[in-house]
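**Student:** With the hints as a guide, dock the two chains, each given alone in a separate frame, to form the complex.
Residue numbers (numbering that gives the first Met the number 0), protein chains in the order written: chain D, 0 to 725; chain L, 0 to 509.
What the hints contain is simulated information worked out from the structure, not anything from laboratory work. Everything numeric in this text was worked out from a predicted model, so none of it was measured. One or more hints might be untrue.
[What the hints assert, rightly or not] As a list, the in silico SDA-like pairs of lysine to any residue whose alpha-carbon atoms are at most 25 Å apart:
#	chain 1	residue 1	chain 2	residue 2
1	L	Lys-69	L	Ser-190
2	D	Lys-530	D	Asp-62
3	L	Lys-53	D	Thr-75
4	L	Lys-391	D	Thr-27
5	D	Lys-530	D	Thr-295
6	D	Lys-434	D	Thr-295
7	L	Lys-380	D	Pro-640
8	L	Lys-223	D	Gly-720
9	D	Lys-171	L	Ile-398
Okay, here's what each chain looks like letter by letter:
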Amino acid sequence: MDYTISSIAPIVLLPFAAFVINSFIARTFTKTAVALSCGAIFGSFLFAFRIFKDFVFGNYATDYYIHKVFNWFDLTGGGQSFQVNMGVYIDNMTAVMLLMVTAVATLIHVFSTFYMHHDMNYGRNGRFFTYLSLFTSAMLGLVLSDNLLSVFIFWELMGFCSYSLIGFYYEKEGAGNASMKAFMTTRVGDVFFLLGILAVWTTVGSVTFTDIYAALAAGKFDPVMVLGIPLATFAGLCIFAGTMGKSAQFPLQVWLPDAMFGPTPCSALIHAATMVAAGVYLSLRIYPILEAGHLTYFVAVIGGITAFGAATIALVQTDLKAVLAYSTISQLGYMVLGVGVGSYNAAFMHLITHAIFKACLFLSAGSVIHSLHDHHTHTHVQEMPRMGGLKNKFKFTWIAMWCCTLAIAGIPFFSGFVSKDRILGDALLMALHNKAYWIPTILGFAGAFLTAFYMCRMMFLTFHGEPRDKDVYDHAHVEHLSWNQNIPLLILSVFTLGVWFSGSLTGQGLVKVASYDGKYEWFQTLIAKPKVEKFVSYKAEEFGAADTRVKNQLPASQYDSSYGLSEEEAHHIHHVHYMGAIASIIIAFSGVFLAFLMYIRKSVNPGWWVSTFSGWYRALQNRYYFDDFYIKGLIQRGLLPLNNFLSWFDMGVYDRIAVDGWAKVTHFLMGIAKWFDNLVVDTIAVDGTGASVRFFNVLLRTLQSGKIQFYFIMIILVLTGYVLAL
Amino acid sequence: MSGTSNLLSWILWMPIIGVLGILLIPSAKEKAIRVWSLINTVITLALSLVLYMKFDTTVPGMQQAFLIKKSWISQFNIFYHLGVDGISLPMILLTSLLFSICILSSWTIKKQVKAYFALLLFLQSTVFGVFMALDFFLFYVYWEVMLIPMFFLIGVWGGENREYAAVKFFLYTFFGSVLMLVGMVALYFVSGQGVDSFNILALSGGKFSNEVVNMFGYAFPFAKLFFVALFIGFAIKVPVFPFHTWLPHAHVQAPTAISVILAGVLLKMGTYGFLRIAFPIFPEASVYFSDAIAWLGLVNVIYGAFCAMAQTDVKKLVAYSSVSHMGFVMLGLAAMTVQGMNGAVLQMFNHGTSTAMMFLLIGILYERSHHRWIVRPDGTKGFGGLYTQLPKYSIVFIIAMFASMGLPGLSGFISEALIFLGIYERFTTITVIGVIGLLIGAAYLLWMFKRMFFGDVVEECKEYTDMNAREIFYMIPLCVAVIFFGIFPAPILNIMKASVGQLVSLLAKY
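The shape of chain L in the complex, shown without the other chains (with noise of 0.2 Å):
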């Protein structure tokens, strides 16, 4: 019991101890900074292994052993409050996975490398805290907190028009945490503002349905108008339609590695916080509200697709594939039965590492080409043939390809099944056009792969190199990980059905 009692905090503040290394070593040593910046993100790594297996499986809800309550800021009951349950362990595993396979992925960036590296970790604990804090008002400085590092890392190591991206991206999530704020706030209150109020476990199981705020003259039902805030919160980081169009911009202009992590683990962090917090806080809203959050989420399906084979630029194209995977994932939610729950929180995690191919892939082509068009402006092709030109480099796309697709036999298939065995009882037509989704998004994948692969190598392609040994190094776990998890999902199963489960037959009683 003692041994794993910390866990969480040296999970959490391991990255922390990396940027204070970094800090220690002087800017010049860049090949110093990187291989230190890799020990700590492995070291991570390691640890969350370590959690997965201590980790019981049978036990829903946050698991006692992990638990860390410490006083924080005592006048106002705010607690340095940690735990782990089967929704948030996923999460964790694919961050920590996915960080130390940026910082190789990084491995080229040549601008101001100490901020770089040191900035990436701050990310990564901040993220980490996003996943494991139970305090609500923790959770709210880690969400916020986040937004810094992200907006240095869009705006200082990003494309041509970064600045305007990251501004958008640090505005627009700002304007989400404002209503979450609110949210928060208001829930402090209700509470009585005792020693549970920003306890998110306390908070929940549907104490708020019969409270009533009285506005402009009106009583509106408590509940209902706060999830709506906390709705809209979470909502601009999934992105659900129509706060979506700050993800293409940001993608586009983010580096390789910062386009992983935001769509591979930022834009779960605004599915995870349903999952912690507005639907077990408001269930009794969530429930009433489902059949809207399934709708946008069908929005965001067809939407995006569309979107997305419209693209020319081959990151923007995945960036609008990324808006209608996470719209599987919201219908998922939406649908609040066992299948489509695990779906979700299942799609959650093979949605991370299957986009995360995606960009390491285009970050690698990108490497080579310094241009992502698979037809330019005036026109003509931007790349051609490469199947021939790069074997290796193809592959691995048609994998991370075929999965993002949801072939079966690839993990994204078992989370796209059940999320939509979960909705087609209770959403029978919003399943009939859902369906169309998997249609686009096979045509808009293949599409481009078929431009950009098949035929003769266009003329500057034929200086391209195949993936190197590093490259090929990293992207080893992923093709693993979604081919193993799409023949055996069960041991990723097995860790959050329980507490899945009982955050369904939460939601089923109202």
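If we strip away everything but chain D, and leave its shape as in the complex, we get (with noise of 0.2 Å):
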């Protein structure tokens, strides 16, 4: 099956001319624009669905993918030659990715189409969807990239796309504060990602993936070196620094938890599936470089710091957005982690299986906030205290969000025990072979006994007990079935399941359950580190042009093993991933059984952990005193006094001595040629030439009002005459 741009393209281009159109007419024509909207990403999911089918039904080889590119701008002229070129890159990663993406966006849509629709005049609700309906075309222009320059300027985009849904409440102050640090901090590791790109740039030639792969293949990087680093390690640094930024990674983490303050629709799209997995998803693109830069253990433990860090601080928050929000910077520890201890495949996998959970979350959550009204301020109620016993009404939502709790809580049969056990379980196994990994692999599975425990806490404080707050309780609507609002939870809430990963989609149907070697697995099987070898002799294509290589084609379910994990590979780690897996799920059935114990059984007191440690308690509250750092410290006390001085210095200082002096030393030089006059025209006066004095007279008057003009005039008259001289 050849592509064409009119099949790959549509999918970016769908939402792209939605959001053009919408622009101008969302306010009058809202109904329009919300089903132009939805439209749009459902027909993206169409075309990026016809790509998945292909690549993972289809009999293409494993490494199989198309790259076709078009020019950008060319600068070759007057003796001089650069292009910049643009494409698209579709492997079997970015396939799934495609699907994920287009579908998890397509329910979110459809999802706010309810949830917006109470909250809010028409015509804000027209805006929500202009939107999002730029934020995943860009989103999935990102996933489409074939280079590092397009991934920024995607990346970029939807930086001011959640700017803007951040801020979408402009009225409220904290929504200002709030929007302008999730654009500020992810813009912190956005530079350094474009510092990056230029370094890769320049030696390469170009940002393409494959010509990078290809270079590093070829040795290239290895001879360059930057500012005193070679080059991979300065590079790899720079562009993981913008993965720290987008992905929340220690210590970029502050801008999520405030991103709460958009609409939930929009914190389930942006801030949890996909969004901040555009970070996860570049450093798996640029994992050999990475590699080469021997940045992997930095890696690694930048993700066990996020993924412990953040779950400790979702152990105190009472806010049920927040416990959503640190709960996903943790899991992205989780994937960061994953790439750091080389698990490629199970990071990836976390990626996705994360992403379907988590929109659930947080589209349950926004389900619950919904109906909670708090009828003094006419606010929605948001904090668990005044929640409870909430089962009742929510039966739905309820089993939803469960079945999501147990996936990101890593019990047996659930997606997010497929991935986040397998990534453990890897960094279980470089621990095993290099000491300093068992630093990240602690951290990461001390997390997992946190995750367990915090989420089933919340789920307890929000669904079970007693209602703690009757007012709320007792006017909180019984939830009755709508579409919109509950198709998107019951669709999601059954990709929670494990064996939509951990199947084999080949020959044998889906039938094999988390099987530890993964050899039938399609995820396993398809999903695997770029070989950069393989990258030498490839070739992109310009849209348009035939595909003229030979698919290495395959019968169905046979696929390349040298692609996925060799036999040998496959069971050697097969007895690691063993241990690993029965520690992580005694550890996951500890966190809920604490969890019980504290909230329903109510025999363990959590009070008195907090009194006992309460220097703790206030540290986590205060989320590591973080913020505190960097806007009071670094912002209030740093940055702002020094601009004020430097203002200071140029308009006080600079201008007006260096500046203005200049008059004042011309006004002085004038003053003494007055004088001097003065006193010649008194000596000829007192000579009694009288009637030289009028003349002089007139001659200073001139001399008075003329001023610096006059002195320049004397300076041209000079210099040139000295010219002349020559």
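**Tutor:** Okay, here's the thing in structure tokens:
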């Protein structure tokens, strides 16, 4: 099957077109705008599904890819040449990612028609969908990108969309702060990312992934040093800093919890399922650079710290969405940990499974919050201490949310178990080989325990026990099922089952559950680290040109075994993974059990822990003082005083003394001239040459009025005279 | 051929026809004056577009079809010599676009309407003169004459401290001009006072590498000495640190349209001077000083951004942001690579459109509020909740703001990315420090936006009305430009690439 521009471009262009049209019509024809946005993303889904079907079920070789380029602009001329190309790159990972993004986005669009309908007047509703369309379009563009530059472009566009969506309720002061914080924090990562792009571009001559891989294979990176650091390390660090910003990794995690200021469906889309995943996706794409730069340990440690640290903060959160926000950071930490320990396909699988269960969690939370009102302040209730016992009123949401909770907690048979457990297993494997890896590994396992605990705590506090705020509880409507609210939850929660990811889609159907050698699982066979040597001879094609490569057509169900894990490799890691799996099952269940003891049986008193470890408790509540350090410390004590000093120096000192001072000097010289002239005039006057007095007076007056210009003329005359004399 | 041979003259003199027309209209008929000025600038814009259509993008250097060369002061071999290449065409297009928009934005001027519009059109003609002149003397004349309308436009129609600002602007620029004059005269004599002694094209190409000038008993290399003289002359206009302090004063005091012209067009005359005169005539000295230029450009970027962040007057903030953004142009010029130079010329154009939007928007707000305080000197909020109060205005503001900070998808990104790509290889350290400018650049704009647009509507803002049809109308072309060239930069890059490439090839020899 040949892919042309007309079968790939609509994936990005449909939502983009919806954005453009909605920019004009959203205010007046809101219903049309909403329908347009939803229709566009569904259209993208259909195109993406076709690609997914071909790549996963089709009889393509496992390392088959589509790479089409076109010229964006060309600076060739006047004896110089330089070109910038753009293109699309589709391999198995792209195909899976495309399907996930379009599917989740479609469901979130559908849910938003429910959520935003009651929430606000129509004009705003349209504006929301306009941004959603731009956002999904940018995300899809990023996924399809064949080079770092266009990744960066779409990456920043998503930053803009998240800025707009977090600041959606612009009448709130807090929304302004949160949106600015989100944009600026990710921008810190982005400027490093840009530096990384420049470093790679200058050496490789292109930033296309395939060219980068080829250059790595050819050893082009090795001799280059940047500021005393090997290029691969420098570029890897810089680009990974982009990931740290976008995927909210330590120490740039501060923006994500504040991002909850936006409407809940946008939290689901941007801050759980897709945008934050873009960072991890990028780090998977540049994995060969990270490897060549010896950065994998650094990546693993960052991931481990994030996974554990965010989980601890989530323990003390009382806001329903805040718990989910920290759980997102923590889960992103697992993905990054996965990248760091070389668990390439499990990290990617966790990205996919997390996107699904986290979207579902946010939408469920949205359903709950949407129905809970405080009738005094006319706001929605998000605080868990005011909830409790809600399972009687939200039966459907309760079940959906439990599915996701079990998934994120890593309970067997749910998707989170399949992916997270495999990351932890690989971490364990690394730790057994290299002692340094025990640090991220232990952090990872400890975080897994906390995850199970705080997620169940959230569920117990929200849905179980007695209602703690009678007023809120009584006013909450009993959930009545509606298609646009519940169908998305239903579909997403069905896909929290592990079997979708651990099964084999070929030959044997969905029968093999969680086989640890992974030999026959579709994920394991499809997704693998890019082997850079393979890219040396590959070439991209122009859009419109026929596909000249001979596709290595294999019969269905028979994948290229050299692409995924080899038989020996699979066997070798089998044993370690087996231990890891048992450990993580025990850990997950003990987390659930502790939460059960604390919040259902109430045999363990959380208050005792709080009072005993009050210092830690305060630190957790203050998010380890990171926000204080950045805002009150770096910005308010560092940046702003520096700005004020420079501004004062510029206008108050430099301009006043060094610039206007010249006027003073000129004035002073003029005074001397005047005094001298007076003297001369006086002398002459004393001598009685009366007639000359008037003449000199006239001359003086001219001098006085001419001021600085006069001196400039003098300067010109002198200098010109000098040059003439040459 | 014959159809286009006088096109440049038409564009150059069309505003003067406008001035003559205004002089014939009685000063009481203000509307007629405005409409006439608008028609005049639109005709000029149309002529510039004709120029764009007829322009051959494949030819590097001056386009023969448009060259005009007539004897003017024959004793000194001074010619009325006009031409256009890929570097000047974007500037000509920008000038004619911004002046039409400025006429529309000046619709609300009440004070001495006749004189105002006459001066504005006169200014336009002189700006065209600078961008078209190929005779150094003619260039200098236009460069100097331009000061006169500017002086009056700031000094008469400006804010409360206008006279100080106008005099400062005048003297500062004049100081630079003097140095340029010295350079010009020196070139005249060194090149032998022949028929080409003021011919910029003939002087170009590094002919003075071996000349030496004896002064104070020492032998100075001619090219380096006079490159510095020209450099300071042009640097004041850009403005390059440490010659930048006239800019905040002039911007804050100037009326809206003049701020737009000042930031949008006049600053580019400085960098254009490098591209047209300093670099081609003294390529060796340019390469020699490129490190210094890059470091100065870096200071501009960082220092301007830090200063901008401290401002509480929104117009001053944007003025300092211009200092920062022109620093990027200087970085691109210093790179002397194909990416950097193209990026610099593109940034000149893109900064022209985005910063014009910012100043126009501030002007629109000022007409409603009559102040520009983000935070008043007494610490209270000057604005608040404008997003709620002025939704249309806010959307245009967001476009302008993100274009200004170089968001991908909007025009500023491509030029900044090209510039950084251009300087990276030679000036890695500068690049690493320079990207901080991108960060602070986003910070001061977003912080300003947050303080002015988010939150509850401040009591006095509740009376403000949203943009009217005229205001929306003149913002549309700029919005289209920043979005279109952000996605498809090729049309504008195609114009410049051949000429820029030629200049880069020349510089690459040294």
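**Student:** So, for every hint listed, does it hold in this structure?
**Tutor:** Results for each hint:
Proximity of Lys-69(L) to Ser-190(L) is assessed by CA-CA distance (about 20 Å); at most 25 Å being required, the pair is judged to hold. Restraint check for Lys-530(D) and Asp-62(D): the C-alpha separation of about 10 Å stays at or below 25 Å, so the hint holds. Pair hint Lys-53(L) plus Thr-75(D) holds up; C-alpha atoms about 20 Å apart against a cutoff of 25 Å. The straight-line distance between the Cα atoms of Lys-391(L) and Thr-27(D) is roughly 14 Å, inside the 25 Å bound, and the hint therefore holds.
Of the supplied pair hints, the one linking Lys-530(D) and Thr-295(D) holds, its CA atoms being roughly 16 Å apart against a limit of 25 Å. For a cut-off of 25 Å, the pair hint linking Lys-434(D) to Thr-295(D) stands: about 14 Å separates their Cα positions. Under the criterion of a C-alpha separation no larger than 25 Å, the hint pairing Lys-380(L) with Pro-640(D) is consistent with the structure, at around 20 Å. With a CA separation close to 21 Å, the supplied pair Lys-223(L) and Gly-720(D) stays within the 25 Å bound.
At most 25 Å may separate the alpha-carbon atoms for a hinted pair to count; Lys-171(D) and Ile-398(L) meet this at roughly 21 Å.
Every hint, counting from the list given before, is met by this structure.
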